[in-house]
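Asks: Be aware that the sequence shown starts at 32, since it is given in the numbering used here, and climbs by one per residue.
Since the hints were derived computationally from the structure, they do not count as laboratory data.
Watch out, some of these pointers could steer you wrong.
[Stated by the list, open to error] Under the rule of at most 30 angstroms between Cα atoms (straight-line distance), these lysine-lysine pairs were calculated in the BS3-like manner:
(1) Lys41 to Lys132
(2) Lys44 to Lys132
(3) Lys71 to Lys103
(4) Lys222 to Lys41
(5) Lys184 to Lys44
(6) Lys71 to Lys149
(7) Lys184 to Lys222
(8) Lys270 to Lys97
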Amino acid sequence: DDVDVIFSTKLIKATQPIFVVSPIMNNLEKANLIKNFYRKIGKTVVTENYYVDDLLKVIIKHAVVKRPSELKEELNNLILNYSYVDGIEGRQPMLSEIVTKELIQLNVEAVDWKDAIKKSATSLVNHHKITEGYVKAMIDSAEESGPYIVITKHVALPHARPEDGANELAISITTLKRPVEFGNSENDPVKYVFCLSALDNITHLNALSELVGLLGDHAFYETLEKAKEPSEIINFIEKYEEEMSLS
32 DDVDVIFSTK LIKATQPIFV VSPIMNNLEK ANLIKNFYRK IGKTVVTENY YVDDLLKVII
92 KHAVVKRPSE LKEELNNLIL NYSYVDGIEG RQPMLSEIVT KELIQLNVEA VDWKDAIKKS
152 ATSLVNHHKI TEGYVKAMID SAEESGPYIV ITKHVALPHA RPEDGANELA ISITTLKRPV
212 EFGNSENDPV KYVFCLSALD NITHLNALSE LVGLLGDHAF YETLEKAKEP SEIINFIEKY
272 EEEMSLS
């Protein structure tokens with residue numbers, strides 16, 4: 032009853048406004064969410080940037096403004112959007128910085144989805160990125176909330192809360208020898224498991240953004256399938272980052 036707005040990865044019954052979102056959103060989905068949020072909610076829960084008034088005065092002083100109220104609204108929305116972006120910046124490592132060869136396992140045997148999570152997390156546990164308690168929390172979370180961790184076709188992203196036993200920011204990559212069912216009718220079976228150890232809600236966002244881009248690249252899946260050594264996957268990620276930096 033104390034909630035104004037609900038963001039959920041699945042449709043639920045609620046009297047409050049609800050926005051259904053993907054577990055991981057690309058830039059277009061983020062932009063659409065922000066636009067739909069403002070359209071649906073308006074300014075009832077958004078603090079206005081009062082310094083827009085001062086900015087508007089300067090513009091009017093040096094230019095002819097035909098519709099001041101509309102200009103003010105657009106400036107306010109623009110600044111709100113930039114504030115949103117600035118708020119999630121800071122030191123956010125690249126994907127290649129948190130995925131190492133030691134955290135990549137190829138053609139792993141798994142009997143079911145729980146086993147797939149456990150085995151994908153093994154490298155993180157062995158290298159002290161997470162605790163055994165974190166592994167249990169990932170499985171418990173999926174059991175309680177459903178297979179929301181299957182984020183796209185054949186891909187699962189198990190994770191838990193930082194306080195459940197995350198020691199260091201990291202992502203492990205595991206390819207399964209045989210796909211397993213996670214209970215997600217839309218995206219099963221899962222062939223690739225990316226285990227995320229996040230220390231907070233911010234620092235992993237850049238790496239996840241890169242991962243989302245890679246998951247939209249058919250060549251990345253080919254590399255995952257054909258790779259005989261973890262270094263081949265690392266090389267692909269580094270090349271992808273290099274190309275992104277030049278674009």
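Asks: Indicate, hint by hint, whether the structure satisfies it.
Replies: Structure-based check of each hint:
1. Lys41 to Lys132: Outside the cut-off at roughly 34 angstroms; violated.
2. Lys44 to Lys132: 44 angstroms, violated
3. Lys71 to Lys103: 19 angstroms, holds
4. Lys222 to Lys41: Cα-Cα ~23 angstroms, so holds.
5. Lys184 to Lys44: 26 angstroms, holds
6. Lys71 to Lys149: 41 angstroms, violated
7. Lys184 to Lys222: Given that 30 angstroms is the threshold and the Cα spacing comes to 9 angstroms, the pair holds.
8. Lys270 to Lys97: 49 angstroms, violated
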